[in-house]
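A.B. asks: Here is how the chains run, residue by residue.
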Amino acid sequence: MDAEILLRKKRQIKNELLEQRGLVEKKIAILGGSTTNEVADQLEIALLSAGIKPTIYQSAYNQYFQEAVLDNPELDAFAPDIIFIYTTARNITSADAGYLEELKGQLKQVWKNLKNKYHCPIIQNNFERFLYQYCGNQSIVNGEAAFPDKVNSFIYEYAAASDNFYVNDIDFLAAKIGLDNWYDDTAWHLYRYATSLKAIPYIAKSVARIIKSLYGKNKKVLVLDLDDTLWGGVIAEDPSIKLGSDAEGEAFLELHSYIKKLKERGVLLGICSKNEMRNAEKGLSHPEGILRKEDFVSIKANWDDKDQNIKVISDELNLPLSSFVFADDSAAMCELVKQSLPEVSVVQATSPKDLILAIEEAGFFEETVTTAEDSKRTEMYQANMKRQELEAHSLDYNDYLKSLEMVGRVIPFTSDYYDRITQLINKTNQFNLTVLRLSEADVKARAEADNYLTLAGWLDDKFGQNGLVSAIIAERKENFLEIELWIMSCRIFKRGFEFLMLSELVNRAKELGITEICGKYVPTEKNVIVKDLYKSFGFTCNGDRWVAKVDQICVPDNFIKLEK
Amino acid sequence: MGKAEILERVQDIFRDVLGDSSLTITEDTSADKVEGWDSLAQISIVSAIADEFQISPSIDEILAMKSVEKIIEIVQASVK
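The listed protein sequences derive, respectively, from chains A and B.
All residue numbers for the first sequence refer to my numbering, where the first residue is 1 and numbers rise by one.
All residue numbers for the second sequence refer to my numbering, where the first residue is 565 and numbers rise by one.
Bear in mind the hints are in silico, worked out from the structure with no lab data behind them.
Since the structure is predicted, the reported quantities are computational estimates derived from the model, not experimental observations.
Check the hints yourself; a few may be wrong.
Claimed, not checked - Calculated pairs, DSS-like style, for lysine-lysine (alpha carbon to alpha carbon, straight line, at most 27 Å): (1) K386(A) with K535(A); (2) K14(A) with K597(B); (3) K353(A) with K630(B); (4) K115(A) with K263(A); (5) K634(B) with K150(A); (6) K311(A) with K220(A); (7) K567(B) with K535(A); (8) K477(A) with K549(A); (9) K630(B) with K597(B); (10) K311(A) with K27(A); (11) K176(A) with K219(A); (12) K261(A) with K108(A); (13) K150(A) with K263(A); (14) K510(A) with K462(A); (15) K630(B) with K444(A); (16) K198(A) with K220(A); (17) K477(A) with K376(A); (18) K526(A) with K564(A); (19) K444(A) with K462(A); (20) K10(A) with K630(B); (21) K274(A) with K293(A); (22) K520(A) with K630(B); (23) K311(A) with K198(A); (24) K260(A) with K567(B); (25) K376(A) with K427(A); (26) K274(A) with K220(A); (27) K10(A) with K597(B); (28) K634(B) with K198(A); (29) K477(A) with K386(A); (30) K376(A) with K338(A).
Unchecked claim - A partial selection of chain B residues facing chain A, derived with a Cβ cut-off under 10 Å: (31) L571; (32) I589; (33) V598; (34) E599; (35) S611; (36) I619; (37) S620; (38) S622.
We put the CB at the ideal spot given by N, CA and C, even for glycine.
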C-alpha cells in the first residue's frame with residue numbers, strides 16, 4: 001500500500017486489521033534517537049498485516065541510550081518481547097575519529113545492557129548516508145561521508161558474532177527511496193522526526209519483516225507458473241521462448257537467478273503450469289536457463305485446476321497451505337487460487353521484475369536464522385518424494401516403515417545445534433504441543449540449566465538424512481517432569497519418531513528417579529494433529545494438563561534403530 | 565481553487581486522520597475545539613494537506629495551521 005495512504009488513513013486501516021482472527025500478541029519496545037510516534041503507529045499496522053498484534057513502548061524523545069543503560073523500571077515492567085533501537089544518521093553529531101570510538105562504545109553498552117537485562121531479540125537500525133557530501137566526492141574516502149559506513153561495519157561485526165541481534169537496513173531503504181525523499185528538514189526542525197513521514201511506512205515494513213520472520217511466519221514454498229512467468233511466451237505454441245539472449249529474455253533470466261538464490265537459501269520451489277510435462281521439461285533445459293528440473297521439489301505440468309495441483313503439492317510435502325506462495329502471470333489463475341485456497345499467498349507476476357519486487361516487499365522469505373541444513377532442504381524433500389513412492393508400492397504401512405531402514409539419534413541439546421533447535425522451535429506449527437517460542441538465548445539457558453531435561457532428535461534412512469527434526473524441553477520439579485515444549489518437523493510425520501522421542505524421555509526420566517511426567521496441549525489453528533497425543537500414550541487429563549506415572553506410559557513400538 | 569472545494573477536501577483529510585467519518589468542519593473549526601486535534605494529529609494533518617494539494621508549506625505556515633480558516637488561506641495562497 002502507498003505510503004501516503006498508510007499515513008493518512010492509519011486509524012481506519014488499523015481498525016480493519018484488528019478485526020482479523022488469530023492475532024498473536026507481542027510487546028515491542030522502541031528506543032528512539034528521534035521522535036518515534038509515527039514509527040510506532042506504522043509498525044503497528046505493518047505487524048497487524050502480518051498477524052501480529054503489538055503493544056508498543058516508546059522511550060522518551062532521544063533517550064535510547066539512557067533508557068537502555070540506566071535503571072528503567074518502566075521498561076522492566078513492560079517486559080519487551082523485542083527491542084527496536086531506532087537510531088539514524090541524525091544521531092551522528094560529529095565526524096571525528098574520537099567521536100566514532102565514543103559512538104561505538106555507546107552502542108555496545110546499549111546492546112550489552114539490553115541483552116543481559118531482557119534476553120530478547122534486539123533490532124538495530126544501521127546508519128544511512130548523509131544528505132550532504134560536505135567537501136565533495138572524496139569525503140567518502142575518509143571524510144564526513146565515510147562516517148555512517150564506519151559505524152555500520154562495527155554494527156555488522158557485532159551482529160555476525162551475536163545471537164538474537166538483527167540489523168534493520170535503513171541505509172538500503174534510504175537509497176531505495178532516494179535521500180531527497182528520505183530527509184525532510186521541516187519534519188526534523190518542527191517535530192524531530194529523523195526522516196520524512198513518507199519514509200516511515202518503509203521503515204516500519206522492514207522491521208515488521210524481521211519480526212514476523214523471528215516468529216516463524218515465513219513462507220517455505222514458492223510455486224511458479226511457467227509460460228510468461230518463468231520465461232516469455234508459450235512454449236507449446238512456439239518453442240523459441242524468451243529466456244536470455246535479448247532484452248526481454250534477460251529480464252526472465254534475472255528472475256531465474258533471483259529464484260535460484262532463494263532455493264540455495266532453503267526456499268522450496270514448485271511448478272504448477274497448464275502444459276504437457278515434456279514441454280515443461282523442454283523449457284527447464286533451455287540452454288540459457290538457470291533454473292533446472294532438479295531445482296524443484298515438485299513439478300505439476302498438467303491440465304488439472306491449479307488450486308488442486310497446489311493442494312497436491314502441499315500434501316506431498318506435508319506442508320500447510322499457509323506456507324505457500326503462488327506466482328502466475330494470469331489474473332484469472334491468481335483469482336482462482338485466492339478464492340479456493342485463501343491461506344496461500346498469491347502474487348500476480350505481471351513482469352519478472354514485478355515478481356521479484358513483490359517477493360521482497362512482502363518479505364515472504366526474510367531470513368533471520370540460517371543453519372547448515374537450509375541449503376540442503378530441496379534434496380531432503382526430494383528424498384521424501386521417493387519415500388512416498390515406496391510407500392505407495394508397499395502393501396502394508398509397517399512393511400514400508402521397515403523397508404526405510406531408519407536410524408535415529410536422540411541426545412541432550414549441545415551448543416552446535418542451538419541455532420537449528422531455535423529455528424525449529426519458532427517455525428514448527430503442526431506438531432507443537434505448547435507453541436512456546438524461544439530465542440537462541442532461551443534455548444541455551446535451558447540446555448545448560450540443571451533442572452531441565454532437553455532432547456534433540458535426528459532421523460536418517462536409506463534415502464538420506466532428515467537432519468535435526470524433533471526436540472523436547474522438560475522442566476524437572478523434584479520427582480516429576482513437566483514437558484514445556486515438544487515439537488517435531490512435519491517432514492517426518494507418520495514415521496514413529498515421536499515414539500522414539502517418548503521412549504528416550506521415559507528412559508532418561510527413570511534414570512533421574514522421576515516418577516511422574518506431565519504436559520500440556522495448547523490448541524491453535526494448526527496443531528490439531530497432536531490434540532490426543534498424550535491421551536494416546538496413556539496420560540490422563542487433569543485440568544489443563546495431561547499426567548502419567550512414568551511406569552504407566554505406553555510407548556508404542558517403532559521401526560527406528562536407535563544409534564547410541 | 566475555491567474555498568468550498570478546499571474545505572471539502574480538508575474535511576476528508578480530518579475524517580481520515582482523526583478516524584471519524586462523520587466529522588464536519590467549518591471555517592470556524594480550530595484545534596482547541598476538535599477532540600483529537602492535538603500536536604501528534606497536527607503532524608499527520610499537515611503532511612496529508614501537503615500531499616493532497618501538492619504544496620510545501622513553510623515552517624511558519626505549518627505552525628499557523630491551527631484553524632481551518634488558516635489552513636484554507638494557506639492552501640489558497642500556495643496552490644497555483
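A.B. asks: Indicate, hint by hint, whether the structure satisfies it.
C.D. replies: Structure-based check of all given hints:
1. The hinted pair formed by K386(A) and K535(A) fails the criterion: a straight-line CA distance of about 33 Å is larger than 27 Å.
2. Proximity of K14(A) to K597(B) is assessed by CA-CA distance (about 25 Å); at most 27 Å being required, the pair is judged to hold.
3. For the hint linking K353(A) to K630(B), the alpha-carbon distance of about 45 Å lies beyond 27 Å, and the restraint is violated.
4. The straight-line distance between the Cα atoms of K115(A) and K263(A) is roughly 33 Å, outside the 27 Å bound, and the hint therefore fails.
5. The straight-line distance between the Cα atoms of K634(B) and K150(A) is roughly 47 Å, outside the 27 Å bound, and the hint therefore fails.
6. In summary, the hint linking K311(A) to K220(A) is supported, as the alpha carbons are separated by about 15 Å, within the 27 Å threshold.
7. For a cut-off of 27 Å, the pair hint linking K567(B) to K535(A) is broken: about 73 Å separates their Cα positions.
8. Restraint check: the Cα-Cα separation between K477(A) and K549(A) comes to about 14 Å, which is no more than 27 Å; the hinted pair holds.
9. Note on K630(B) and K597(B): the hinted pairing holds, with a Cα-Cα distance of about 10 Å set against a maximum of 27 Å.
10. A threshold of 27 Å between alpha carbons decides the hint, and for K311(A) with K27(A) the separation of about 35 Å lies outside it, so the pair is violated.
11. Between K176(A) and K219(A) the alpha-carbon distance is near 24 Å, which keeps this suggested pair within the 27 Å criterion.
12. For the given pair, K261(A) sits about 33 Å from K108(A) by alpha-carbon distance, which is inconsistent with the 27 Å threshold.
13. Of the supplied pair hints, the one linking K150(A) and K263(A) is violated, its CA atoms being roughly 32 Å apart against a limit of 27 Å.
14. A hinted pair counts as satisfied when its Cα atoms are at most 27 Å apart, and K510(A) with K462(A) does not qualify at roughly 32 Å.
15. Distance restraint check for K630(B) and K444(A): the Cα-Cα separation of roughly 55 Å exceeds the 27 Å cut-off, and the hinted pair is therefore not satisfied.
16. For the hint pairing K198(A) with K220(A), the CA-to-CA distance comes to about 31 Å; that exceeds 27 Å, so the pair is violated.
17. Under the criterion of a C-alpha separation no larger than 27 Å, the hint pairing K477(A) with K376(A) is inconsistent with the structure, at around 39 Å.
18. Taken as a hint, the K526(A) and K564(A) pair is broken in the structure, with Cα atoms around 34 Å apart against an allowance of 27 Å.
19. The straight-line distance between the Cα atoms of K444(A) and K462(A) is roughly 32 Å, outside the 27 Å bound, and the hint therefore fails.
20. Between K10(A) and K630(B), the direct Cα distance comes to roughly 21 Å. Compliance with the 27 Å bound is thereby established for this hinted pair.
21. In summary, the hint linking K274(A) to K293(A) is supported, as the alpha carbons are separated by about 16 Å, within the 27 Å threshold.
22. With a CA separation close to 57 Å, the supplied pair K520(A) and K630(B) exceeds the 27 Å bound.
23. The suggested pairing of K311(A) with K198(A) is violated, with an alpha-carbon distance near 40 Å, which exceeds 27 Å.
24. With a C-alpha separation of about 57 Å, the suggested pair K260(A) and K567(B) falls outside the 27 Å cut-off, and the hint is violated.
25. For a cut-off of 27 Å, the pair hint linking K376(A) to K427(A) stands: about 17 Å separates their Cα positions.
26. Restraint check for K274(A) and K220(A): satisfied, since their Cα atoms lie roughly 23 Å apart, inside the 27 Å limit.
27. Restraint check for K10(A) and K597(B): satisfied, since their Cα atoms lie roughly 22 Å apart, inside the 27 Å limit.
28. In summary, the hint linking K634(B) to K198(A) is supported, as the alpha carbons are separated by about 24 Å, within the 27 Å threshold.
29. For the hint linking K477(A) to K386(A), the alpha-carbon distance of about 44 Å lies beyond 27 Å, and the restraint is violated.
30. For a cut-off of 27 Å, the pair hint linking K376(A) to K338(A) is broken: about 30 Å separates their Cα positions.
31. Using the Cβ-Cβ criterion of 10 Å, the hint placing L571(B) at the interface with chain A is not satisfied: the shortest such distance is roughly 17 Å.
32. Because the beta carbon of I589(B) sits about 16 Å from the nearest beta carbon in chain A, more than 10 Å, this interface hint is broken.
33. Of the supplied interface hints, the one on V598(B) is violated, with its beta-carbon coming no nearer than about 14 Å to a beta-carbon of chain A, more than 10 Å.
34. For E599(B), the interface hint is violated, the least distance from its beta-carbon to any beta-carbon of chain A being 13 Å, above 10 Å.
35. Against a cut-off of 10 Å between C-beta atoms, the interface hint on S611(B) holds, since the closest Cβ of chain A lies about 5 Å away.
36. Among the interface hints, the one on I619(B) is violated; its C-beta lies about 12 Å from the nearest C-beta in chain A, farther than the 10 Å criterion.
37. Here the hint on S620(B) is kept, as its CB sits about 8 Å from the closest CB of chain A, short of 10 Å.
38. Given hint, S622(B) at the interface with chain A, holds; its Cβ is 8 Å from that chain's nearest Cβ, closer than 10 Å.
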